[in-house]
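Residue numbers (my numbering), protein chains in the order written: chain L, 150 to 389; chain R, -8 to 584.
Treat the hints as calculated values from the structure; they're not laboratory data. Heads up, a few of these hints could be off.
Unchecked claim - With the Cβ distance kept under 7 Å, some of the chain R side facing chain L (calculated, not the full set):
1. LEU15
2. TYR16
3. TYR116
4. MET202
5. LEU220
6. VAL227
7. THR240
8. SER241
9. GLN572
From the three backbone atoms N, C-alpha and C, an ideal C-beta is built for every residue, glycine too.
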Amino acid sequence: MARAAMAPTQTALPRQARWRGMIADWSSDQRAFKGVSWGKAMMWVFLLSDTFVFGCFLLSYMTARMSTVEPWPNPSEVFALTIGGAEIPLILIAIMTFVLITSSGTMAMAVNFAYRRDRRRTAILMLVTALLGAGFVGMQAFEWTKLIEEGVRPWGNPWGAPQFGATFFMITGFHGTHVTIGVIFLLIIARKVWRGDFDRGAKGFFTSRSGRYEIVEITGLYWHFVDLVWVFIFAFFYLW
Amino acid sequence: MATTIHGHGPAETVPPAETADVELYHPHSWITRYVFSQDAKVIAIQYSLTAMAIGFVALFLSWLMRLQLAFPGALEFIDADAYYQYITMHGMIMVVYLLTALFLGGFGNYLIPLMLGARDMAFPYANMLSYWIYLLAVLVLVASFFTSDGPTGAGWTLYPPQAILPNTPGQDLGIVLMLVSLALFIIGFTMGGLNYVVTVLQGRARGMTLMRMPLTIWGIFTATVMALLAFPALFVGAVMMLFDRLLGTSFFMPAIVQMGEQLSYGGGSPILFQHLFWFFGHPEVYIVALPAFGIVSDLIATHARKNIFGYRMMVWAIVIIGALSFIVWAHHMYVSGMNPYFGFFFATTTLIIAVPTAIKVYNWVLTLWRGDIHFTPPMLFAIGFIVTFLNGGLTGMFLGNVVVDVPLSDTMFVVAHFHMVMGVAPILVIFGAIYHWYPKITGRMFNDLLAKLHFWVTFLGAYLIFFPMHYLGLLGIPRRYYEMGETAFVPASTVTLNEFITITALVVGAAQFLFLFNMFWSLRHGRPAGGNPWRATTLEWQTPQTPPAHGNWGRELPVVYRWAYDYSVPGAAEDFIPQNQPPSPTERREAAT
């Protein structure tokens, strides 16, 4: 039976055999995901778990917003900036979103150069990514300051439902923490790339295992995830 | 492209290695070997000892509660507040800090690498951190006993608004420490959980296909995946309640007048917390139950010298139960106020779970059927589990139906149900599993007579405690009442029954010290066990040293040729064939045809 299944087949297999083949491949020995390293598998599983964290945050926010009897402040007005005498809605958020999505681009380029073992370009692009990320957090800090000055607090605000401030600080704060952790992680890895740790097989300080250039891609997975989450926050919190 | 092995029978061809052998961290000092250890086996023992230590605290609390229920006022320090604090801490400790930590952190860490033929977990450093954060979570929880107003008395479900309102016991610091401790536990668990999942998916030995894994691993693996998806809901709920308590937000707090005073809260939804809590809480039941299912399957097959009946069905049943458990959570909320159509939906999904669960129970019984049953302590506990779980499962069918649940909810019937199904049943498995693997962990046998005595007192005692509680519940005795006093509808006989339950509970609790004594005494005085005292097939019994050394295996990793259940194979020389034994000439001939 085993031999027959291993024989190469030219003709298309019937549907049932295809399913069986897929399950057999997936459940074959040693690895369920062929060619996927432990580190990368771990990051994917972690991101799946983290998706549920953000999902719960966003669902809770939507519940609060839909069930409150008080008016919900209009995000277009709350998050508007007066520039040159004209009030432009959501301008800061638009810039922040642009910056974060740009950083995903530089991150992807860093991954590319890492696999080519171009240490200098990889490190520079990771630094640029980290800078853009830090810029995002900085703009978020500016936004928080502005809202706090206007009287928004976790327990209330001048315009309506107190849950507005509560969910705003909680969700953007949690996301901002993720970005900050990402920036720190980027800086650490960029330094290792710059020093050539992955070419020399230097041992990690904590894990005492030698790293590989793949860590750049794993960092990238996290970074893209944080960007993707922001898209949802942007859509559900600011555009709704 | 890798060659694939179909089915779980013996196969001669084992594909070449795809994964290089791992770099192991080698400890250089006593501290890195036994304290800040990165070896999964040491971490497993650390997890287990911590979990059991905090478990004994919970046991002690249950004694105090029982004493209060049977002899109200006899112990002067137990007032209503103290009683609620005991209930809360007992429940939370047992469910999260004992059962979850022991099954996943304890058995998961010990068994996953050994049963799968790996040298260690995928990320030993994160694994070590996982334990230390868990320990921190336990310490934070214990610290709440020593605050000025004691631990929180909100009930283990921590329902707001009660949990954070003034005059609830532990409102000042207790609830804060509880929520922080839960958040820490979840962070620590995530670090360990990523290890378990990745090691099972990507770190198996050559020839160890998913469909050759012992059911223990299937149970632990599925439970870990569920935990990684369910704990986020509790994490979010804990964070939001912390904000409500510390920052004065109103996520879960509606407008409230307390003692004639309007509180500053308003506009929040207590039901939202219930949804978040039970989206975690119901999968949690199966996070505890699935490892127990898996372990029991292995205990039964080994000690009845028979292959597990319907292995494939057993695997699918585990996976299906895991998936279904995410869409049943609101059956805990039938009396919270819910659209009747939702009740209908959640009752239906709840009852559907009975199908895969029943398949499992039938398959365990069919494995025992005409088996060569050895009544060793692990087997006794396994059989005890089947009976207890069946009992608890059947009362679950009552409570899963909305119309039956409404009169029964918040009575002692519920207490009896969940103690049978997710209290006693998994704990019987834990004992059975500890007796089963004790010879491998320590290299010595435990005292058989003490173990059997421990079993009979625990098993019969559990029935004597929880069976009468069903009756009390049907009479309408509410749960969480610290004394009944003079109540018209409560007959006097219930007082006697309560005294009976309490005395039994004291005896059963004391019997657990037999277990503890046996464990420590046998460490030095037990007879040497040898490598494979139960003559079992799975890989952990085939290690070159017992207890297994650092790195688990010698120079070469084991190679797996068959599934985990080749017991009493006709024509074989022994009544078990280890998973790493190549096929015999007969088996080769059969495979060729």
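Results of checking the hints against the structure:
{"no.": "1", "hint": "LEU15", "verdict": "9 Å, violated"}
{"no.": "2", "hint": "TYR16", "verdict": "5 Å, holds"}
{"no.": "3", "hint": "TYR116", "verdict": "4 Å, holds"}
{"no.": "4", "hint": "MET202", "verdict": "5 Å, holds"}
{"no.": "5", "hint": "LEU220", "verdict": "5 Å, holds"}
{"no.": "6", "hint": "VAL227", "verdict": "4 Å, holds"}
{"no.": "7", "hint": "THR240", "verdict": "4 Å, holds"}
{"no.": "8", "hint": "SER241", "verdict": "6 Å, holds"}
{"no.": "9", "hint": "GLN572", "verdict": "16 Å, violated"}
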